[in-house]
Amino acid sequence: AQKVTQAQTEISVVEKEDVTLDCVYETRDTTYYLFWYKQPPSGELVFLIRRNSFDEQNEISGRYSWNFQKSTSSFNFTITASQVVDSAVYFCALGGLNRDDKIIFGKGTRLHILP
Amino acid sequence: KAGVTQTPRYLIKTRGQQVTLSCSPISGHRSVSWYQQTPGQGLQFLFEYFSETQRNKGNFPGRFSGRQFSNSRSEMNVSTLELGDSALYLCASNQGTRSVGEAFFGQGTRLTVV
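Chains as they are written, first to last, in this note's numbering: chain A, 1 to 115; chain B, 1 to 114.
These are computed hints drawn from the structure, not numbers from a lab. Being a predicted model, the structure only gives us computed values, none of them experimental. Errors might be hidden in some of the hints.
Okay, the calculated bits of chain B under chain A, using three or more residues with CB under 8 Å as the criterion [stated by the list, open to error]:
# : stretch
1 : 16 to 24
2 : 46 to 60
3 : 80 to 94
4 : 103 to 111
To be clear about the criterion: a stretch of chain A counts as covered by chain B if any three or more of its residues have a C-beta under 8 Å from a C-beta of chain B, and this derived list gives those stretches [what the hints assert, rightly or not]:
# : stretch
5 : 45 to 58
6 : 101 to 114
Some residues of chain A that are not near chain B, with every Cβ distance over 12 Å (derived) [what the hints assert, rightly or not]:
#  : residue
7  : Thr20
8  : Tyr33
9  : Ser65
10 : Val85
Glycine included, C-beta positions come from ideal geometry on N, C-alpha and C.
Using the sequences plus the hints, can you model the full thing?
Here's what the structure looks like:
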């Protein structure tokens, strides 16, 4: 069965600190996608990144970086120099490569950035 | 380019009633997916429509149904509402030719069943 676990339910850090959100997944598929989404208070999910299971290169986008480790089935997300605007719920998700494959979301991590 | 539009934003219904939620995808997008978000269960996939056909379905009872029109707009219907159906219902659209995960989400419809 497919499963995504985000063990951290809620995290609070002071602005400018770095913070890492953990994501561990389970799948029997050999090829798959992993995703991260941000859900601000307004409610919509904002797509942040998609990672193909073929590609274990880490990715950096501004203050955001992602560490994909297939050996430990983890896809962690780090925000450096956090800002108050980063406060949101963050979801990790797992999906198939086919366009009609559904995706499985983790329960989310609520991140509070304190000024 | 307009984003994904969901209407209404908020809804209060009584147990046993039925409800219809609407989703207008981004222009040109042919795939619409629906998700239910609750504090206890998190985000759960309901179904996906592509070109007016249901392409995938989650594990929800038959009280939850949907459809997609020729203009790609989609509606979701829940019949015989239960208290546990109270949730944020999110709609997501994408072109349909890419992974369903690379989607644009609406702001959701918050349904409260009393």
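Worksheet item: Are three or more residues of the stretch 103 to 111 of chain B within 8 Å, CB to CB, of chain A?
Response: holds (count 7)
Worksheet entry | Given as non-interface: A/Tyr33, which should sit over 12 Å from chain B by C-beta | Given that some Cβ of chain B is not farther than 12 Å from that of A/Tyr33, nearest at about 6 Å, it is violated.
Discussion item. Please check whether the beta-carbon of A/Thr20 is more than 12 Å away from every beta-carbon in chain B.
Written reply: holds (20 Å)
Worksheet item: Are there three or more residues in the stretch 80 to 94 of chain B whose C-beta lies closer than 8 Å to some C-beta of chain A?
Response: holds (count 3)
Worksheet item: Are there at least three residues in the stretch 45 to 58 of chain A whose beta carbon sits under 8 Å from a beta carbon of chain B?
Response: holds (count 4)
Practice prompt. Verify that the Cβ of A/Val85 lies farther than 12 Å from every Cβ atom of chain B, and report whether the claim holds or is violated.
Written response: holds (18 Å)
Item to complete: Could you let me know if the closest chain B CB is still more than 12 Å away from the CB of A/Ser65?
Response: holds (20 Å)
Worksheet item: How about the stretch 101 to 114 of chain A: do at least three of its residues have a C-beta closer than 8 Å to a C-beta of chain B?
Response: Contact hint for the stretch 101 to 114 of chain A vs chain B: holds, 8 residues under 8 Å.
Practice prompt. Test coverage of the stretch 46 to 60 of chain B by chain A using CB-CB distances below 8 Å; three residues minimum.
Written response: holds (count 5)
Worksheet item: Does the stretch 16 to 24 of chain B contain three or more residues whose Cβ lies closer than 8 Å to a Cβ of chain A?
Response: violated (count 0)
Violation of the numbered hints given earlier is confined to hints 1 and 8; the remaining hints are satisfied by the structure.
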